[in-house]
Structures are given as C-alpha cells and as structure tokens.
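Under numbering that gives the first Met the number 0, the residues of the sequence shown are numbered 0 to 252, in order.
Bear in mind the hints are in silico, worked out from the structure with no lab data behind them.
This one's a predicted model, so the numbers in the text were calculated from it and none came from an experiment.
A virtual CB, placed ideally from N, CA and C, is assigned to each residue, including glycine.
Any given hint could turn out to be false.
[Unchecked claim] Below 30 Å or equal to it, Euclidean Cα-Cα: the simulated DSSO-like pairs (lysine-lysine) are: (1) K106 x K131; (2) K97 x K9; (3) K32 x K106; (4) K32 x K9; (5) K106 x K226; (6) K106 x K91; (7) K32 x K97; (8) K91 x K9; (9) K106 x K9.
[To be verified] Simulated restraints, written as ranges between beta carbons of each label pair: (10) G155 x A119: 19 to 27 Å; (11) G6 x E220: 35 to 43 Å; (12) G242 x A10: 47 to 55 Å; (13) S237 x R177: 28 to 36 Å; (14) R70 x A114: 44 to 52 Å.
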Amino acid sequence: MVGVAAGLAKAGFRPVVYGLAAFVPMRVLEQIKIDVCYEELPVVFVGDGAGVVYAQLGTSHQCTEDVAALRAVPNIGIVSPADRFELQYCWKHLLQSKGAGYLRFGKADGGDVHAAIPDAPVGDLLQARPGKGDWAIIATGSMVVAACRLSAALGGAPVWSAPVLHPINRAQVESIGRAFGGIFVVEEHSMAGGLGGLVAEIVAETGGCRVIRFGTRQFSEFCGDYKYLLSQHGLDDSTLLAGMTSAMAREAP
Numbered sequence: 000m001v002g003v004a005a006g007l008a009k010a011g012f013r014p015v016v017y018g019l020a021a022f023v024p025m026r027v028l029e030q031i032k033i034d035v036c037y038e039e040l041p042v043v044f045v046g047d048g049a050g051v052v053y054a055q056l057g058t059s060h061q062c063t064e065d066v067a068a069l070r071a072v073p074n075i076g077i078v079s080p081a082d083r084f085e086l087q088y089c090w091k092h093l094l095q096s097k098g099a100g101y102l103r104f105g106k107a108d109g110g111d112v113h114a115a116i117p118d119a120p121v122g123d124l125l126q127a128r129p130g131k132g133d134w135a136i137i138a139t140g141s142m143v144v145a146a147c148r149l150s151a152a153l154g155g156a157p158v159w160s161a162p163v164l165h166p167i168n169r170a171q172v173e174s175i176g177r178a179f180g181g182i183f184v185v186e187e188h189s190m191a192g193g194l195g196g197l198v199a200e201i202v203a204e205t206g207g208c209r210v211i212r213f214g215t216r217q218f219s220e221f222c223g224d225y226k227y228l229l230s231q232h233g234l235d236d237s238t239l240l241a242g243m244t245s246a247m248a249r250e251a252p
C-alpha cells in the first residue's frame, strides 16, 4: 500500500494512506521511511485510533509509540488535532505541504476546544484556555479536552494545544518556558519521544522552567475499554489532577 502510494506520488498524484495507527504508521514504518520520506514524496498518512482507543481489540491495536518513531524519520510532518476545527486546520496544512505528513487520530468525541478553525501559522501552539499562575499546560490530541477540564482545579492554569508536533514553533515553546515556573505536558502517547520529550528538549536547551510529563506508561499487558486503559496509564482526570497538584506543592517556594 505504501509502495503504491509512493509510485502514485511520483506520477503526480497526492495519495492518502489510511489505516489504524497500530498498522499505519507502525507496521509499515520502514516502507514509509525508505519509499516515501527518503524520496521526499508528498504522501499523507492517516493513523486512526492512536493511543488506547481500540484497547478492547487487544494489545496489537494499541499505539503509543507512533510520534516517537516518526520524529526520528526525516522529511515528514506530524499533526495531532484535538477537535474538528483543529482537524480542518491540520488537514489543510498537510495538503498544502510539499512533503509527507502524518495525521494522528485519537479519541475524537470529546467535544470542541475551539469555536472556529484556528487562524495561526503552522507549528504554533494554540491557546485553548487563557489563564494565570505559575504553571501552564501543553497538551495534544485527545488530552487537550482533559487539560481544559483540569484548568480550573489548578487555579486557572492556561492551556495550550499542540496540533502540529513537527515542525513545532520552538520559539513559542521557549517563551512559555520562560514565562512560567513549570509546564505540565499531557499526551495519550509514550512519555519517551512524544510531545513531552519534545517540550523538555526545547526547554532544557534554553534554560527554562521545570517540565513534568504525563503520558502512557511502558507496559502492554492491559486490555479493556478506553476509560479503563486511561486509568491504568494514569491519564484519567483524578490521577492527572493528583499528580499535578502534588508537583505544584513540591515546587512551591
């Protein structure tokens, strides 16, 4: 499928390859790397069910490593929309890009974050909730809605959504790191190599604030419904709130 898409791209088409994220991109990662990215071809990959959405179908259908894997591959953009408006924003970017792109779909029925399609340069973090305080939250995909729910309980912490993970606006991340005492990063993805790792890398290089990451844990033996898997990974609202308030207490002057 990926090889056919690469051939179509060389013939002047703009192919879209769709599959569950556990299979596209994970099972065909080598083909994406060699057939498409090394050739700098404009193929769009859509990975549905990223994270633990399809956990009832077994561990083979859980996908928490896709962003980490593709961040190491050259010549491919990575987007992770939080709602229908970010989806349109990301889709437009992918179709206008001259290179390959990966659209990551997670849990998609959490409600709207925005009131309209964002009007922002590609790579910008989008403010989902204004706020104040010493801590900010950066989230992506399905976890943006959760972060917005937790904002009030954290004293009105501002929330930014990161719909475009590569290329990301590094200067904006650096600015947030300088403006706040700490950043919570929340994602339905492994803490190794995902948005949390990306934010931590940027902030560490510029001498910014403390970064606390919340993501999936490194185990694969659990199956069940979506809420159960989130709780096992510590990504349910109550566990996230407990972890965040504990971190804020530890870091308080």
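Structure-based check of all given hints:
1. K106 x K131: Satisfied, since the Cα-Cα distance of roughly 28 Å is no more than 30 Å.
2. K97 x K9: Roughly 12 Å between the alpha carbons, so the hint for K97 and K9 holds.
3. K32 x K106: At roughly 26 Å apart (the allowed maximum being 30 Å), K106 and K32 satisfy the hint.
4. K32 x K9: At roughly 16 Å apart (the allowed maximum being 30 Å), K9 and K32 satisfy the hint.
5. K106 x K226: holds, 11 Å
6. K106 x K91: This hinted pair holds, its Cα atoms lying about 21 Å apart.
7. K32 x K97: holds, 16 Å
8. K91 x K9: holds, 21 Å
9. K106 x K9: violated, 33 Å
10. G155 x A119: 19 to 27 Å: holds, 23 Å
11. G6 x E220: 35 to 43 Å: holds, 40 Å
12. G242 x A10: 47 to 55 Å: Once the Cβ atoms are compared, 50 Å apart, the range 47 to 55 Å for A10 and G242 holds.
13. S237 x R177: 28 to 36 Å: holds, 31 Å
14. R70 x A114: 44 to 52 Å: violated, 31 Å
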